[in-house]
Amino acid sequence: MKHLWRQTRSFPPAVRLLMVNQFAINLAFYMLMPYLAAHLSGELGLAAWAVGLVLGVRNFSQQGMFLIGGTIADRLGYKAPIMAGCLLRTIGFGLLGWVDNLPALIAASAATGFAGALFNPAVRAYLATEAGERRVDAFATFNVYYQTGMLLGPLVGLALLAADFRLVCTAAAAIFAVLTALQWRALPPRHGDSADAATGKESVLAQWRTVVANRPFLFFSTAMIGSYVLTFQVYLALPLAASDALGSSGTAITSGLFVISAATAVAGQLRLTDWAKDRWHPSQALARGLAAMGLAFLPLALTPRGSSAVVLVSLVIAVVLLAAGSAVVYPFEMDTVVTLSGDSLVATHYGFYNTVSGLGITLGNLATGALWDFALRHDALWLTWCVLTVTGLGAAASVSALARAGRLAVRPPRPISV
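What the sequence shown shows, in the UniProt record's numbering, is residues 1 to 418, in sequence order.
Mixed in with the good hints there might be a few duds.
Claimed, not checked - So the derived label-pair ranges between C-beta atoms look like this: (1) Asp373 - Pro304: 16 to 24 Å; (2) Trp49 - Ala252: 21 to 29 Å; (3) Glu43 - Arg215: 49 to 57 Å; (4) Arg279 - Pro103: 31 to 39 Å; (5) Pro13 - Trp280: 25 to 33 Å.
Don't read these hints as lab results, they were simulated from the structure. If you're wondering where the values come from, they're calculated on a predicted model, not measured in any experiment. Don't be surprised by glycine CBs; every beta carbon is placed ideally from N, CA and C.
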């Protein structure tokens with residue numbers, strides 16, 4: 001805790017504010033979202049397809065709009081979309097607790113999703129700009145606050161849920177309202193170092209063409225899809241394995257695994273980042289972190305189905321290794337995005353990167369789910385875990401190949417006018 005406090009205080013006030021903001025953003029988000037499906041299907045009595053539609057709209061309006069959010073940040077500055085996103089989520093979360101018809105719920109869900117698309121690229125671009133040469137340390141510290149919000153949010157939400165779901169929504173909306181006011185008062189306006197091209201001297205289409213023409217960045221974005229597919233297995237394959245091995249106890253075990261994952265990141269992020277910086281080049285840290293994420297699934301591949309206690313131990317090992325590998329990867333990954341952007345249109349690059357990652361998660365989940373069903377029918381769950389292991393090792397090999405080819409230190413082409 002002292003290490004975190006010293007590290008946080010070593011950054012400029014704007015960076016510290018962004019870190020606290022992210023903690024509060026995740027706290028409010030995870031207070032509400034884990035319990036939304038149960039509210040929609042239980043208290044409101046919506047059909048399963050309607051619940052899926054509401055949740056799907058939120059995911060699409062965020063993942064599909066990251067590029068728009070990043071573009072806005074590069075054209076208008078970082079403060080405006082951060083504030084707009086928090087204000088929009090205030091409205092969206094407030095509505096989710098007080099409306100009961102499907103069109104209004106869809107509108108509220110879309111608002112909460114687009115809010116994330118607005119502030120996420122802007123926050124990361126602002127952080128990278130303010131941190132300067134200390135980007136890796138800044139993103140490592142930022143991730144501690146990010147994970148802490150994820151860890152505490154469901155617990156706070158569960159406590160408030162004992163009273164009423166509307167109280168959960170109102171409290172979450174209130175947090176975002178306070179954040180909006182705080183950023184309006186305390187967050188300095190900030191543009192990227194190469195803002196001229198994004199302030200009207202070139203079109204939005206030209207911005208996007210500049211990003212798409214940045215081949216090293218595109219190669220890196222594609223190579224890193226595997227890391228996001230693996231990270232998401234905390235929500236997909238690992239809960240399926242817990243339910244398969246432990247039956248009705250699987251839900252409780254899944255909650256425990258989520259807590260272990262977040263706690264591992266919170267406790268180990270700064271130490272792992274310092275350790276990796278002292279020993280490895282950034283590309284080596286990325287490759288070895290990705291390899292660790294893939295190897296996290298190997299114990300499950302070696303665990304016989306039906307051995308509940310052994311499966312439980314393997315699940316815990318998988319979650320810890322996956323979280324530790326992700327903690328190693330994250331700050332170097334975020335720093336590499338900035339490096340490959342050449343400090344130009346940073347938010348747009350982050351937006352595009354998140355869009356690619358979101359698409360990869362969607363396709364990866366479909367493939368993992370189909371593979372799980374196939375493996376379950378043939379009593380060969382080891383196949384799922386082996387494929388996930390190969391995914392991590394493949395991503396590590398791809399990043400290493402890009403580094404050897406000099407693709408992770410190449411400045412992008414100059415903006416293309418249209």
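We went through each hint and held it up to the structure:
1. Asp373 - Pro304: 16 to 24 Å: 20 Å, holds
2. Trp49 - Ala252: 21 to 29 Å: At 28 Å between Cβs, range holds.
3. Glu43 - Arg215: 49 to 57 Å: 50 Å, holds
4. Arg279 - Pro103: 31 to 39 Å: Violated - the Cβ-Cβ distance for Arg279 and Pro103, about 55 Å, lies outside 31 to 39 Å.
5. Pro13 - Trp280: 25 to 33 Å: 31 Å Cβ-Cβ, so the 25 to 33 Å window holds.
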